[in-house]
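Taken in order, these protein sequences are the chains called Y and P.
So that you can map any letter, position 151 of the first sequence is 151 in the numbering used here, and since no number is skipped, the others follow by simple counting.
So that you can map any letter, position 282 of the second sequence is 282 in the numbering used here, and since no number is skipped, the others follow by simple counting.
Since the hints were made in silico from the structure, they are not lab data.
Incorrect hints may have been included.
Computed, partial: chain P to chain Y, Cβ under 7 Å [to be verified]:
id, residue
1, 125
2, 132
3, 272
Over 10 Å on every C-beta distance to chain Y, these chain P residues come out as not near it, computed from the model [what the hints assert, rightly or not]:
id, residue
4, 79
5, 135
6, 256
Cβ coordinates follow ideal geometry from the N, Cα and C atoms, glycine included.
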Amino acid sequence: MSVLSKPKPRVRVNQRRKTEQRILIFSLGFLAFLGLFPYLFMLLTSFKNTQQFVDSYWGLPLPLSFENYAAAWGQTKDYFVTTFIVVGATIAATLLLGLLSGFILSRFVFVGRNFLFTCVGLLLMVPWIAALIPLFVLSKDLKMLNTIWVLIVPMIAGNAVLSVILFKNFIDSIPQELFDCSVVFGASGPQIFRYIVVPLSYPIVGTISLLTMINVWNEFFWPLLTVTDDSLRTISVGISFFQGQNETDYGALMAGYTLASIPLLFLFTFLSKHFLAGIQGGLSVSDK
Amino acid sequence: MAIAEKVEKVKKNKSQRKRFKPILYLGLAPLFITLGLFSYYPAANGLTRAFFDWRFFEPSVFIGLENFRTMLGDDMWWESFKHIFIVFIAATTIMWALPLLAVEMLISIRSLRTQHILRTLLLFPLAFPVIVTIYMWGFIYHPNRGILNTALQAVGLDSLAQNWLGDPNTALYSLLFISFPWIASLPFFVFLTGLQNIGTEVFEAAAIDGCSRMKRFFLIDMPLLGRQFRLLFFLATISVLQFGTSGYVLTSGGPDNATMFPILRIIGVAFNGGDWGYAATLSSTLFILTLALSAVILFISRGEKQNVRSL
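The shape of chain Y in the complex, shown without the other chains (with noise of 0.2 Å):
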């Protein structure tokens, strides 16, 4: 870090800081390869058959075989549309939510703002299980049991609050003198919205999405409880039905945790940013 040392042979300090680094380096390598391995694992077994499992328990036995993929996708592709359905819907909403309640509750001054916003924060508090099991009767008295309906607007719900407040948060952060200067030229409050507070917001909206999107891809209790029906079984359930399905074929089973990894491995890959951010539930953005 700090370039300053005392004056001493250089040539040894430098030899010495670089056996350090290296040191680091492999410790931390070895760190993220322990994390990585059953990953690692996962995938070279997803490319062998039976026989090739048992032959080859740690090594990757050629020719790889595909069948795998083939098999587990047939079981489970339902199970990605329903889940991109889900995600789709809930995201849509959650932005559309989070953008004009923030909006409202950090450009505005009204009677009762406050009192709504703490009103929103204080579900943060609230375990999901404390509203479990009234939920469940109240979807199935509204006919939702078994439906899309279910796994979608719960969701909406949940992933509402940290919408709103994170949407809040960063237009409060907008400086002042924008609105001013629009409200100066003439623009109302719809014109705001759409030409300053939504293009400035894009950051938020990245964040938002890819966190709703982890949250919905990882939900199990939920889906578990309210569907039975197997098409409409998101991902982390659909799994957990084709783990019992397939319980000693593993190459199958490698395969099917495989695809159901894709998708957020590569939104990880290319919005790096965005859901890292997401993951730490914007804990980053509200630092500031």
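Based on the hints, put chain P in the right spot on chain Y.
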């Protein structure tokens, strides 16, 4: 200047009189209708139903504190809190220590490019769905074909190989070790951003004063991370109370209830036992407990409101 003053005036006037503007409430309506129906109402309903005998297809009857009396005698419920406590200890010690160590090592690397690559690799496991991670670790622990036992046998340590998830003595700890070394985690992020925000002048000053790396860690890094520790403590409390997916998926609370967690007990009571009222009692208790603990932590770390608001 004149315009700015005018704007200032308009702004003041606006903020001075609070107004009812119907259009604003209309704009907020979709949010509050959704939250009201699917968040506030169920949560409030759960708290009320705790005092009812409530089963499917039967009218619910008010029974006062009867459910709470049942809860006091529910050994499985209280035992689940012992397990949660072990999880909590692990979540706030080893699951912080390794990420912190990794962060310290990472920021000591001088090449920014290497730093970035290593950071990405260390965080990469986060990109995998939780359920995949859980099942892969289930496979690692598999008694016959699992990675752990196969590896132990390969190096001649057959005696150490065992049925990790099937033995009540090891099941809970096996679940805790899922996603070891826990570096792809929130603590890693929080520590990393925390230390990166400290500013290099502090570290340079320490180096000039001849502060060793160890000394710097204890005298500078740790105290400056105080806020981060409080934040993580808060998060750990909330998330540990809701711990249980891995227990449900891999062990179903067994063997011998060794991995029973409050969440699993609640789901069991509601969906297998059909006793909705009692399940509501249990979940309300968990809810109140979460609130109480959060309140205590917020009280202790007050003055850091800004950090906590967005959770």
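Hints, one by one, checked against the model:
1. 125: Holds, because the Cβ-Cβ distance from residue 125(P) to chain Y comes to roughly 5 Å (cut-off 7 Å).
2. 132: Constraint on residue 132(P) satisfied, holds at 5 Å.
3. 272: violated (11 Å)
4. 79: holds (18 Å)
5. 135: violated (6 Å)
6. 256: At roughly 23 Å from the nearest Cβ of chain Y, residue 256(P) sits farther out than 10 Å, so the non-interface label holds.
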